[in-house]
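Chemist: Each chain is listed here by its residues.
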Amino acid sequence: MMTIDLNRIGAKGAIAEEAEGKWGMVIDQDICTGCQACVAACAMENNISFVGEEDAGYGRTQHWIRIERFWEGEYPEVKATAFQPMLCQQCGHAPCEPVCPVFATPHSSAEQINLQVYNRCVGTRYCANNCPYQVRSFNWRDYHTQPFLANEVNGKLVFTLHNQFNPDVTVRRRGVMEKCTFCIQRIHQAQDKAKSEGREVEDGEFTTACAQACPANAITFGRLDHHESLVSQLAHQDRGVKHLEELNTLPRVTYLKEG
Amino acid sequence: MAVTSKYFSGAEKPHETQHEEEDDPRQYLMYDPKPRGEMNQMVMESMTTTSWKFWVVFGILSVLVATCFFYAWGYMISEGLWVAGVMRPSYWGIFLVNTVFWIGISHAGTFISAILRVFKAEFRRPFTRAAELMTTFGLIQAGASIFMHLGRVWLAYWLFPIPNERQLWPNFHSPLMWDLLAITTYVLGSTMYLFLPLIPDLAMARDRSTGWRKIFYRVLALGFRGTEGEWRHLQTAMNFFAFAIIPVMFSVHTIVSWDFAMAMRPGWSSTVFGPYFVLGALHSGMGAVAIVLFVMRYTMKHMDYFIRKEHFDALGKLMLIVTFAYSYFFFNDYIVQWYGGDKWTDILLHWLEAGPMAWMFYQLILFNIVIPPLTLWNKKIRQTPWMLALIGLIINVGMYWERYLIIPVMLTINRMPFTWKLYEPRIEVFLTIGTFSMFLLFYMIASRLIPLIPVWEVQEGQMTHTLRKVGKTHVPTVSEFE
Numbered sequence: 001m002m003t004i005d006l007n008r009i010g011a012k013g014a015i016a017e018e019a020e021g022k023w024g025m026v027i028d029q030d031i032c033t034g035c036q037a038c039v040a041a042c043a044m045e046n047n048i049s050f051v052g053e054e055d056a057g058y059g060r061t062q063h064w065i066r067i068e069r070f071w072e073g074e075y076p077e078v079k080a081t082a083f084q085p086m087l088c089q090q091c092g093h094a095p096c097e098p099v100c101p102v103f104a105t106p107h108s109s110a111e112q113i114n115l116q117v118y119n120r121c122v123g124t125r126y127c128a129n130n131c132p133y134q135v136r137s138f139n140w141r142d143y144h145t146q147p148f149l150a151n152e153v154n155g156k157l158v159f160t161l162h163n164q165f166n167p168d169v170t171v172r173r174r175g176v177m178e179k180c181t182f183c184i185q186r187i188h189q190a191q192d193k194a195k196s197e198g199r200e201v202e203d204g205e206f207t208t209a210c211a212q213a214c215p216a217n218a219i220t221f222g223r224l225d226h227h228e229s230l231v232s233q234l235a236h237q238d239r240g241v242k243h244l245e246e247l248n249t250l251p252r253v254t255y256l257k258e259g
Numbered sequence: 001m002a003v004t005s006k007y008f009s010g011a012e013k014p015h016e017t018q019h020e021e022e023d024d025p026r027q028y029l030m031y032d033p034k035p036r037g038e039m040n041q042m043v044m045e046s047m048t049t050t051s052w053k054f055w056v057v058f059g060i061l062s063v064l065v066a067t068c069f070f071y072a073w074g075y076m077i078s079e080g081l082w083v084a085g086v087m088r089p090s091y092w093g094i095f096l097v098n099t100v101f102w103i104g105i106s107h108a109g110t111f112i113s114a115i116l117r118v119f120k121a122e123f124r125r126p127f128t129r130a131a132e133l134m135t136t137f138g139l140i141q142a143g144a145s146i147f148m149h150l151g152r153v154w155l156a157y158w159l160f161p162i163p164n165e166r167q168l169w170p171n172f173h174s175p176l177m178w179d180l181l182a183i184t185t186y187v188l189g190s191t192m193y194l195f196l197p198l199i200p201d202l203a204m205a206r207d208r209s210t211g212w213r214k215i216f217y218r219v220l221a222l223g224f225r226g227t228e229g230e231w232r233h234l235q236t237a238m239n240f241f242a243f244a245i246i247p248v249m250f251s252v253h254t255i256v257s258w259d260f261a262m263a264m265r266p267g268w269s270s271t272v273f274g275p276y277f278v279l280g281a282l283h284s285g286m287g288a289v290a291i292v293l294f295v296m297r298y299t300m301k302h303m304d305y306f307i308r309k310e311h312f313d314a315l316g317k318l319m320l321i322v323t324f325a326y327s328y329f330f331f332n333d334y335i336v337q338w339y340g341g342d343k344w345t346d347i348l349l350h351w352l353e354a355g356p357m358a359w360m361f362y363q364l365i366l367f368n369i370v371i372p373p374l375t376l377w378n379k380k381i382r383q384t385p386w387m388l389a390l391i392g393l394i395i396n397v398g399m400y401w402e403r404y405l406i407i408p409v410m411l412t413i414n415r416m417p418f419t420w421k422l423y424e425p426r427i428e429v430f431l432t433i434g435t436f437s438m439f440l441l442f443y444m445i446a447s448r449l450i451p452l453i454p455v456w457e458v459q460e461g462q463m464t465h466t467l468r469k470v471g472k473t474h475v476p477t478v479s480e481f482e
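Listed in order, the protein sequences are those of chains A and B. Per my numbering, residue 1 is the first one in the first sequence, and the count goes up by one each step. Per my numbering, residue 1 is the first one in the second sequence, and the count goes up by one each step.
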């Protein structure tokens, strides 16, 4: 079969990079139990703020991954559908990227994921508006120093979460956007280790925090462009679907769901 | 200028007044000239006569600006954006509504002063300045609203292409960047365009004032003496700006609409948004001009001479035309989107017409599309200043609802139903009051400092309009300048 290289014929904007990408994820909705372990693990790995009841209720949760639940049918006959973990799809054509006026949302050519540069972000929130997956979260305030989120011990405020901050990840200040990074700190750690040992990163050598925490092994992370890797084989199953594929965002996360 | 009132002595004969009053050409400002010195004196008095009511309103507005604008904004900067109502999915709230609204208001100024100047519409003469001031002051509020909306406003200078040691440039792919450049161009252009026709009036005021006013006007008048060469240069500059600012005016609101139209959201990615927003801007701007003219006529001294029924009548006709054009684009936008049959757009349109904000949607149709054509066709209504001002107010409320529906309400519906949530304004309400108060306060200060009536333009117009006696009647004639 003849393929046309769009880059060569000059339609460069049409497909900027390989549709399959580099790092990718597969989420099996059929075995996801909706236990939210991935949400907790992600929050701990990436220093995601705890926002308190009131703000969470008003739609200001900071989680980079969320478990979406839906119901089918009218009231008496309601049926819960499969849980849908939603995280940044690390689009190949990310709608969030071109709209940032200060280049705080560039595309990484090395990892082929969308980056968020926290110290460049001025908080126009255009990227979040333009994200069809609604997975970007904004730091509405400095949650990690809010007194109402601290415990009072002997008349002194103790910020318990400060003791478990991950030193590899920035603590974001208020006014900036943030989102899932596919645990880029873990990717880099594994790459550095492999490089020092003079080898390539092996499939399954490391994984993201959400995949690591999943008790049902519903989340798989790895190289999509290595066809022998587990994630690539899972992604090419017949029951794999991508969300909002019709928007041509080239998402890197494949959802497995019984047809 | 040899025009005196002697031409009109004949018009006071008894057999002439038996005619219907409407036929009397002296009801038109252009055929009712006053001696130059007297008119200058009237304008000077309108600036310097200040009653206690002015200071009461001035005080209230100052307090509102201090609390609702500066204090509220400072509080928001020190606390973070959580004090506002924005959240997922409505990341943009009333701040952007205010931005679009104020840019819309600012459009009428340019439209009236530039387009009507270019087309030589005579009724514009007494109120071009009032409309231009709206442009400048409206744009100040629009700019402030954009900066209020930023998460880290203290870094707003990163949006400007300032050379820096890291060679980091703004992203020219971003509609926000285009927006910033367009608005900056518009602010600079419209301020210069406001200033140029002001120079002769400032010179007039300089020659007729004393004390600090004299110094103020002397500095601003740039030594204008009214020589032939100075007038020629001024006319050239004004002509240049009048033509140059028209495309800027159309492009600014088109670019503002692209902030939405370029985004990949149901309801927003509409190709007709450009002209739809331009017409919406003119719609609200014309309404605002009607309100301003009404307030000027009834609060400032001698203004009933300059601003007359004919001006409200002409403005009413303009509002009527703009209403029809706006209605066309309104239905074009909504019906074409509905016809497209996209699943998410369908959900969104259903949400607008039957959701919790449906009252706003129907008020928008009623205020913007139904009420103006039903009232403005009537000459009596058009010529009644308070009624026209009321219609202008209704249109502006409707247009504010329109922008409110487009930004926070349409943002509620996205492609991830799990996140749907309705926006509730919090501190934005105070900041909105703050921007409105600041606009009015600026206007009040300007009304004391600069002549709100372009005297030289009115005098120029009156020189070209004369009543010529033909047989027993007086025939209004117009001669071409230049």
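Note that these hints are calculated values from the structure, not bench results. Careful, some of the hints might be misleading.
[As the list claims (entries may be wrong)] Only pairs whose alpha carbons sit at most 20 angstroms apart, straight line, appear in this in silico SDA-like list of lysine to any residue: (1) B/Lys-421 <-> A/Glu-245; (2) B/Lys-343 <-> A/Tyr-58; (3) A/Lys-242 <-> B/Trp-344; (4) A/Lys-242 <-> B/Leu-390; (5) B/Lys-421 <-> A/Tyr-58; (6) B/Lys-421 <-> A/Asn-248; (7) B/Lys-343 <-> A/Asn-248; (8) B/Lys-34 <-> B/Lys-309; (9) B/Lys-120 <-> B/Arg-415; (10) B/Lys-309 <-> B/Pro-417; (11) A/Lys-242 <-> B/Ile-199; (12) B/Lys-421 <-> A/Lys-242.
Chemist: Against the 20 angstroms threshold, does the CA-CA distance of A/Lys-242 and B/Ile-199 hold or violate the hint?
Modeler: Given pair A/Lys-242, B/Ile-199 is violated - Cα atoms ~64 angstroms apart, limit 20 angstroms.
Chemist: Given the hinted pair A/Lys-242 and B/Leu-390, is their Cα-Cα distance within 20 angstroms?
Modeler: With a Cα-Cα distance of about 53 angstroms, the restraint between A/Lys-242 and B/Leu-390 is violated, given a limit of 20 angstroms.
Chemist: Quickly compare the C-alpha distance for B/Lys-421 and A/Tyr-58 to 20 angstroms and report which way the hint goes.
Modeler: holds (8 angstroms)
Chemist: Has the given pair, A/Lys-242 with B/Trp-344, been kept, meaning a C-alpha gap of at most 20 angstroms?
Modeler: Within the cut-off at roughly 18 angstroms; holds.
Chemist: Is the Cα-Cα distance between B/Lys-34 and B/Lys-309 20 angstroms or less?
Modeler: holds (18 angstroms)
Chemist: What's the verdict on B/Lys-343 and A/Tyr-58, does the C-alpha distance respect the 20 angstroms limit or exceed it?
Modeler: Violated. B/Lys-343 to A/Tyr-58 sits at ~26 angstroms, over the 20 angstroms cutoff.
Chemist: For the pair we were handed, B/Lys-120 and B/Arg-415, check the Cα-Cα distance against 20 angstroms.
Modeler: Roughly 50 angstroms between the alpha carbons, so the hint for B/Lys-120 and B/Arg-415 is violated.
Chemist: B/Lys-421 and A/Lys-242: Cα distance at most 20 angstroms?
Modeler: Measuring from Cα to Cα gives roughly 24 angstroms; hence the hint is violated.
Chemist: Quick one, are B/Lys-421 and A/Asn-248 close enough, alpha carbons at most 20 angstroms?
Modeler: violated (26 angstroms)
Chemist: Taken at face value, is the distance from the CA of B/Pro-417 to the CA of B/Lys-309 at most 20 angstroms?
Modeler: violated (54 angstroms)
Chemist: Does A/Glu-245 lie within 20 angstroms of B/Lys-421 when you go C-alpha to C-alpha?
Modeler: Violated, at roughly 24 angstroms.
Chemist: Check the hint pairing B/Lys-343 with A/Asn-248 against an upper bound of 20 angstroms on the C-alpha distance.
Modeler: Roughly 17 angstroms between the alpha carbons, so the hint for B/Lys-343 and A/Asn-248 holds.
In terms of the numbered hints stated before, the structure departs from hints 1, 2, 4, 6, 9, 10, 11 and 12, listed from lowest to highest.
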